[in-house]
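Asker: Given these sequences and hints, build the entire structure.
Read off the chains here:
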Amino acid sequence: MINLKDYESLGGALRAAISHWARETCLIEADRERENCRLTYRQFDESTRPVVHALNAFGFGSGERAAILMTNQSKWLIAAYAIFFRGGVLVPLDYKMTPVEQVQLLRHSGAKTLFAEYYLWRAITRAANFADITLDHVIVTDAPAGGELAGATRWESLQDSGDTEFVSRSRGDAACIVYSSGTGGRPKGCILTHDNYLEQCMALTKLYPFRPGVRYLSILPTNHAIDFMVGFIGPFVCGAAVVHLRTLRPEYIREAFTRYRITHVSVVPLVLKNLERGLHQRFAELSTPRRFLLNQLIRLNRALTQRKPHPQISRALLRDVHKAFGGELEGMFVGGAFTEPATLQFFYDLGILVANGYGCTEVGTALTLSDFLPFRPDTVGKPLPGVQLRIVEPDGDKIGEVVVRGHTVMAGYLDDAELTAETIRNGWLHTGDLGRLDDDGRLQLFGRRRNMIVTSEGKNIYPEDIENAFEGLAVKEFCVFAANYLWPQHELAGEKLVIVLHPESGQEITDAVVTTASGSNRRLPAYKRVSGYLAWERDFPRTASMKIKRDVLAEDIRSQLTRESLAPL
Amino acid sequence: MRTLAQTTDEILTLAAQQFKVARETLSPNDDFFKTLGIDSLQALSLLTRLENHFHVELPDYELQDVSDFGTLAGRIQARL
Chain H
1 MINLKDYESL
11 GGALRAAISH
21 WARETCLIEA
31 DRERENCRLT
41 YRQFDESTRP
51 VVHALNAFGF
61 GSGERAAILM
71 TNQSKWLIAA
81 YAIFFRGGVL
91 VPLDYKMTPV
101 EQVQLLRHSG
111 AKTLFAEYYL
121 WRAITRAANF
131 ADITLDHVIV
141 TDAPAGGELA
151 GATRWESLQD
161 SGDTEFVSRS
171 RGDAACIVYS
181 SGTGGRPKGC
191 ILTHDNYLEQ
201 CMALTKLYPF
211 RPGVRYLSIL
221 PTNHAIDFMV
231 GFIGPFVCGA
241 AVVHLRTLRP
251 EYIREAFTRY
261 RITHVSVVPL
271 VLKNLERGLH
281 QRFAELSTPR
291 RFLLNQLIRL
301 NRALTQRKPH
311 PQISRALLRD
321 VHKAFGGELE
331 GMFVGGAFTE
341 PATLQFFYDL
351 GILVANGYGC
361 TEVGTALTLS
371 DFLPFRPDTV
381 GKPLPGVQLR
391 IVEPDGDKIG
401 EVVVRGHTVM
411 AGYLDDAELT
421 AETIRNGWLH
431 TGDLGRLDDD
441 GRLQLFGRRR
451 NMIVTSEGKN
461 IYPEDIENAF
471 EGLAVKEFCV
481 FAANYLWPQH
491 ELAGEKLVIV
501 LHPESGQEIT
511 DAVVTTASGS
521 NRRLPAYKRV
531 SGYLAWERDF
541 PRTASMKIKR
551 DVLAEDIRSQ
561 LTRESLAPL
Chain X
1 MRTLAQTTDE
11 ILTLAAQQFK
21 VARETLSPND
31 DFFKTLGIDS
41 LQALSLLTRL
51 ENHFHVELPD
61 YELQDVSDFG
71 TLAGRIQARL
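These protein sequence lines map, in sequence, to chains H and X.
Under our numbering, the residue at position 107 of the first sequence is numbered 107, and the numbers go up by one with no gaps.
Under our numbering, the residue at position 80 of the second sequence is numbered 80, and the numbers go up by one with no gaps.
Since the hints were made in silico from the structure, they are not lab data.
Ideal placement from N, C-alpha and C gives every residue a C-beta, glycine not left out.
There's no promise every hint is true.
Listing some non-contacts, in silico: residues in chain H with all C-beta distances to chain X over 12 Å [said to hold, decoys possible]: (1) 87; (2) 120; (3) 148; (4) 288; (5) 374; (6) 468; (7) 541.
Below, a list of computed lysine-lysine pairs in the DSS-like style, where the Cα atoms sit at most 25 Å apart [stated by the list, open to error]: (8) 273/H x 20/X; (9) 496/H x 547/H; (10) 273/H x 496/H; (11) 273/H x 459/H; (12) 476/H x 496/H; (13) 96/H x 34/X; (14) 273/H x 308/H; (15) 112/H x 96/H; (16) 96/H x 547/H; (17) 496/H x 528/H; (18) 323/H x 273/H; (19) 34/X x 20/X; (20) 496/H x 459/H; (21) 273/H x 34/X; (22) 34/X x 496/H; (23) 528/H x 34/X; (24) 476/H x 547/H; (25) 459/H x 34/X.
Cβ-Cβ distance ranges computed for the label pairs, FRET-style [as the list claims (entries may be wrong)]: (26) 1/X x 35/H: 29 to 39 Å; (27) 539/H x 23/X: 46 to 56 Å; (28) 37/H x 70/X: 31 to 41 Å; (29) 65/X x 477/H: 23 to 33 Å; (30) 472/H x 49/X: 30 to 40 Å.
Answerer: Structure, rendered in structure tokens:
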């Protein structure tokens, strides 16, 4: 592995790594049973040159912003490296957002160059707010022959025209602007510096070093902080290989483990749960004697790995289970949302190590990660090297807000000094999450102080961002809340959103209103939907500028209504 | 060539088989996440079954903003 201390920027570190690992396998991209491409680090470098040259020809300068809007594929990483090579700032956009949301964030980011997959670009050009943005250069991948490009340039038409100068950046310069949320209301563009990423990478690879021969399966979106680090920067600096799948269906993911002898993968709790369900189904299909034998082996493995993991023993004991994961899986990382301890325990008992971590976009990738010494499924592990973590204003159970300080904390939110000052106070980033440190220094999470939820897919949902979906509802006013914000409880499982409806005076919530609200709800992506409504008879407290005082309203509701008052929507 | 109604009907039958629910409980306007009680990954699994049945290739993004059988049927019909 190259020594990241020697480098000032992600571009510099990646450039050195690509040269150092020239002959190692770098990327494999597969689509169903087909393998689209396989590149060594040298070939990756060669594939980057036309893109670097194009950026140069565009006059793309140091510190300029360029966005990527693609599903996981080799060209995502090629475009990202080209942007860093030219000293640019990368804006990774979530391909699962709606085109209107993507336009909002593109506009907010100030990016004038966009790399996008053809179908995502086409969707953006049809978005109602497309006229809000001016893009100078758009490069599209996967465009069909004769496809309407709407002013974009085909990736395949880019030409390599010789050497292009590397543009250096300093550690304190912005490397990426990553949106944690805020499409409907207040965009939260986290400015993450080169120092943030290089320090994060050093901390993670110290705990979980990659090496040539590691094959990392990239299934979380690369725009997601976890995959950006663990499926791009980390593997590259260590000479590991990254495997991309163009379709993320569970059956192809399962096949990929075997076909590419995957050693590492990062998942969100939803995917982990799906893998668990698949294994349960397979176990249920076993004959009674085989099922009995399996249970005995699991029990034996549990006893042998109580104090620390013994991967070789576990693999030998539970060979068939491990074969289903390709037989060479060394570990999975799970993060982005709350993972049930029972799920972590299920995998650990099978000898499959799932490292549970905790972090937020504002700190890049992770703040804590489990170390299995011993296995503690009720915690998210210890703070990573270099992360200072404290619990402030603890209650009688020692539970308080998690605050952190260190090299990985972002520089701030783009164009929002007020929010930055609210979030980072005296150098400490206030996460809004409630936690407790146990006697060994491991963090346990218990809920949130903020009005938000995180889905099992790792998506942050802020209630104010989805309120515009209910505009036009025949009520006097309405407001969306996280149920756990209205009625705090010390757990993170099953977070839900609720809508509070205040009818016109003297009226009640009619069936027609509920039907309309339900229809609006259905038009939202499934993960953003509200699960119930509350009827509220008093005017919402508001500021002088007529904004709802959400904290005051929440307190009023809390004092008068319970969860039982919720009706399903 | 199938009609859209036939395609929709076949999708409902395949979904009922895959998620072990009675065919008559499903209708084209149903939100399949809600009716079948499935998550986004399980919905993607259904897509593979539909690909094999209709002999078409459906990119994952075809399901991105779809939550009812009728719209899904329309997307498949366009590729037949």
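Asker: Hints the structure violates: just list their numbers, smallest first.
Answerer: 2 and 16
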